[in-house]
Amino acid sequence: MSRWLLALRIETAKALASRVVFATAVLTVAGIAAIVISFRAVAASGDPQVLAKLGEAGAAPGWPGMLATAMQVAAPAFLLGITVLHAWLVGREFADGTVVALYGLSVGRGQVAVAKFVLAVGASAVMGVMLAVALLAGGLLLGYGAPSGADAAVLGRIAVLAPFSALVASPVALAATLGRGMLAGIATGFVLLASAQVLVVLGVGGWFPLAVPALWALSPDAVALPAVALALAIGVAVSAITAVAWRRLQLNR
Amino acid sequence: MTGIEAARLGRTFAGGAGVHDIDMRVDAGSLHALIGLNGAGKSTLMRLLLGMLAPQRGSVRIAGHDPRRAEAELGPLVGHLIEYPLAYGELTARANLELGARLHGVPAAEVRTTVARVLDELDLERFSDVRARRLSLGNRQRLGLASALQHDPRVIVLDEPSNALDPAGVVLLREALVRRARDGAAVLVSSHHLDEVARIADVITVINGGRIIGSLEPRQSELEHAFFELVHADDRARAEVAA
Chain H
1 MSRWLLALRI
11 ETAKALASRV
21 VFATAVLTVA
31 GIAAIVISFR
41 AVAASGDPQV
51 LAKLGEAGAA
61 PGWPGMLATA
71 MQVAAPAFLL
81 GITVLHAWLV
91 GREFADGTVV
101 ALYGLSVGRG
111 QVAVAKFVLA
121 VGASAVMGVM
131 LAVALLAGGL
141 LLGYGAPSGA
151 DAAVLGRIAV
161 LAPFSALVAS
171 PVALAATLGR
181 GMLAGIATGF
191 VLLASAQVLV
201 VLGVGGWFPL
211 AVPALWALSP
221 DAVALPAVAL
231 ALAIGVAVSA
241 ITAVAWRRLQ
251 LNR
Chain W
1 MTGIEAARLG
11 RTFAGGAGVH
21 DIDMRVDAGS
31 LHALIGLNGA
41 GKSTLMRLLL
51 GMLAPQRGSV
61 RIAGHDPRRA
71 EAELGPLVGH
81 LIEYPLAYGE
91 LTARANLELG
101 ARLHGVPAAE
111 VRTTVARVLD
121 ELDLERFSDV
131 RARRLSLGNR
141 QRLGLASALQ
151 HDPRVIVLDE
161 PSNALDPAGV
171 VLLREALVRR
181 ARDGAAVLVS
191 SHHLDEVARI
201 ADVITVINGG
211 RIIGSLEPRQ
221 SELEHAFFEL
231 VHADDRARAE
241 VAA
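Just so you know, the protein sequences line up as chains H and W, in that order.
Residue numbering for the first sequence follows full-length UniProt numbering, starting at 1 and increasing by one per position.
Residue numbering for the second sequence follows full-length UniProt numbering, starting at 1 and increasing by one per position.
Just so you know, these hints were derived from the structure itself, not from any lab.
From a predicted model like this one, the values you see are computed outputs, not experimental measurements.
In this text, a Cβ means the ideal position worked out from N, Cα and C, and glycines have one as well.
One should not assume that every hint holds.
Said to hold, decoys possible - Across the chosen pairs, the derived CB separations fall in these ranges:
hint, chain 1, residue 1, chain 2, residue 2, range
1, W, Arg126, H, Gly143, 53 to 61 Å
2, W, Glu125, H, Ala233, 47 to 55 Å
3, H, Ala137, W, Val170, 54 to 62 Å
4, H, Leu178, W, Glu229, 43 to 51 Å
5, H, Leu199, W, His193, 56 to 64 Å
6, W, Arg238, H, Ala233, 53 to 61 Å
7, H, Arg247, W, Arg179, 33 to 41 Å
8, H, Leu142, W, Gly89, 39 to 47 Å
9, W, Ser136, H, Gly31, 33 to 41 Å
10, H, Ala187, W, Glu229, 49 to 57 Å
Said to hold, decoys possible - Derived list of chain W stretches under chain H, where covered just means 3 residues or more per stretch with a C-beta under 8 Å from a C-beta of chain H:
hint, segment
11, 45–54
12, 82–96
13, 101–115
Put together the whole structure using the sequences plus the hints.
In C-alpha cells:
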C-alpha cells in the first residue's frame with residue numbers, strides 16, 4: 001500500500017472512531033433539511049411575512065420554491081459544517097498533543113495533511129448527497145411529485161455544492177496549522193463566510209473563491225468558467241501550501 | 001553504527017533559553033541517560049535530535065539521517081516518546097498500537113503479532129480493548145512506550161519515560177530497554193533525577209542551562225551527590241561570568 005493510501009486509511013479510521021466527522025455531517029444536513037422543510041410547510045399556509053422573507057424565488061410553489069430556499073440555506077450552512085471538519089481534522093493534532101508523535105514515521109507529515117484534506121472533501125461529498133436525498137424525500141412527502149429534469153439538476157448541484165465548498169475552504173486548514181489549533185481555523189472560516197456574504201451582496205463576489213460554489217450552484221450560467229477554475233486552483237494550491245507547512249513544521253511554540 | 005550524533009548543535013529561543021554547543025554521541029548497543037533539572041534543555045535537545053526543531057547551529061544525524069530532511073526513512077528505524085504518546089483517545093489501546101505499527105512501517109501481515117508481543121511485554125493485554133482516553137495516566141504512558149518500542153527500532157529516544165509509571169511498570173520498562181540495547185539498539189532516555197532507568201545506563205550525561213556539563217560513572221557510589229556537585233559547580237561558574 002502506498003504511503004498516501006496508508007495516510008488516508010489511518011486518517012479515515014481515526015475520524016470514524018471519533019464520531020466528530022459523522023456528527024458534524026449529520027447535524028449540518030439535518031439542520032438544513034429541517035429549516036427548508038419547515039419554511040416550506042409554513043409557506044404553504046400562505047403567511048405573507050414568511051413569503052416575504054423567502055423572496056420571490058423561495059415563495060414559488062413546489063420544487064422550484066423548495067430548492068431556491070434550500071440553496072439560500074445550504075450555502076452558508078455547508079460552509080460552517082465544512083469549517084468544523086477542516087479545523088478539527090488539523091487542529092486536533094495540536095489540541096491533543098499528538099502532533100509530537102507524527103515525527104519519525106513511515107508516512108510523512110505532508111502526506112498526513114493531504115490525507116486530512118481529501119478526507120474533509122470526501123466527507124463533504126457524502127454530506128452533499130445526504131442533503132440531496134433528504135430534500136428529495138421532503139419534497140415527495142410535501143406532495144410535490146417527482147422532480148422535473150431541471151429540478152433534478154438543481155438537486156445535483158446541491159449535492160456538488162458541499163465538496164466544492166470544501167475544496168475552496170482549504171484556508172481553514174492552513175489557518176489551523178499556522179495557529180496550532182482548531183480556533184484559528186474556525187475563526188478563519190467565519191471570516192471567509194462573512195466576506196463571501198458581503199462581497200455577494202455588493203455584487204462583486206463572482207471571483208471570490210469562497211462565494212463561487214454558492215453562485216455556481218444557484219446559476220451555473222451566471223458564473224464565468226475561469227472563475228470556477230480559479231476557485232478550484234486556489235483551493236488546491238492552499239492545500240498544497242498546508243502540506244508543505246506540515247512537512248516543515250517545527251514545534252517551537 | 002552510531003545511533004545518534006550531534007555536533008556543535010544549538011538552538012536559542014527568544015530570551016536566551018535553548019541548547020548550545022551540544023556534542024553528543026549515542027552508540028548502537030548502548031543505553032545513554034541524559035540527566036538535568038527541570039528546564040535544563042533535555043526536551044529541547046531531544047526535539048532537535050528528532051527533527052521537531054531545526055538547529056540554528058551544528059548538525060544532527062539519527063540512524064544515519066538528517067531528521068529534518070528524512071521523509072519516510074526514519075519510520076522503521078526510530079521509536080520515540082516525547083511528552084505525548086502516539087495515542088488517540090477515541091481508539092482502543094490495541095487500535096492505537098496497530099495504527100502505530102503501520103505508521104512505523106510494520107508490514108500489514110505482521111501487525112497483529114507485533115502488537116500482541118508488545119501488549120504482553122508491557123503487561124497491557126487486559127487494557128487492550130479500552131479506549132486510550134479511559135486509561136489511567138500510567139497505562140497511557142505504557143501505551144506510548146509500547147508504541148515507541150513495538151517495531152524494535154534501531155534508535156530509541158524517550159523523554160522522562162518513567163513518568164507516571166508504577167514500580168511494576170518501571171521494572172518492565174527497564175527490562176525492555178536493556179533487552180533492546182543488548183540487541184543493538186541505541187537508546188537515549190532523559191530524566192530530571194537519577195531514577196531507576198538512569199541508574200542502569202551505560203553512560204550518564206549531565207545537562208544544565210542548555211549545555212552538557214559533564215558525565216557520571218553509572219556504577220559510582222554517591223551518584224546523586226556527584227550529580228548535584230556538577231550542577232552546582234556549573235551554576236556558580238555561570239554566576240561568576242555573569243557578575
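Hint-by-hint comparison with the structure:
1. W:Arg126 to H:Gly143: 53 to 61 Å: Taking Cβ atoms as reference, Arg126 of chain W and Gly143 of chain H lie about 59 Å apart, which means the hint holds.
2. W:Glu125 to H:Ala233: 47 to 55 Å: holds (51 Å)
3. H:Ala137 to W:Val170: 54 to 62 Å: holds (60 Å)
4. H:Leu178 to W:Glu229: 43 to 51 Å: Holds - the Cβ-Cβ distance for Leu178 of chain H and Glu229 of chain W, about 46 Å, lies within 43 to 51 Å.
5. H:Leu199 to W:His193: 56 to 64 Å: Given a distance of about 60 Å, which is inside 56 to 64 Å, the answer is holds.
6. W:Arg238 to H:Ala233: 53 to 61 Å: holds (55 Å)
7. H:Arg247 to W:Arg179: 33 to 41 Å: holds (35 Å)
8. H:Leu142 to W:Gly89: 39 to 47 Å: Holds: the Cβ-Cβ distance is about 43 Å, inside 39 to 47 Å.
9. W:Ser136 to H:Gly31: 33 to 41 Å: This hint holds: roughly 38 Å between Cβ atoms.
10. H:Ala187 to W:Glu229: 49 to 57 Å: holds (52 Å)
11. 45–54: It holds, with 6 qualifying residues against the three required.
12. 82–96: holds (count 11)
13. 101–115: holds (count 5)
Hint compliance for this structure: no hint is broken.
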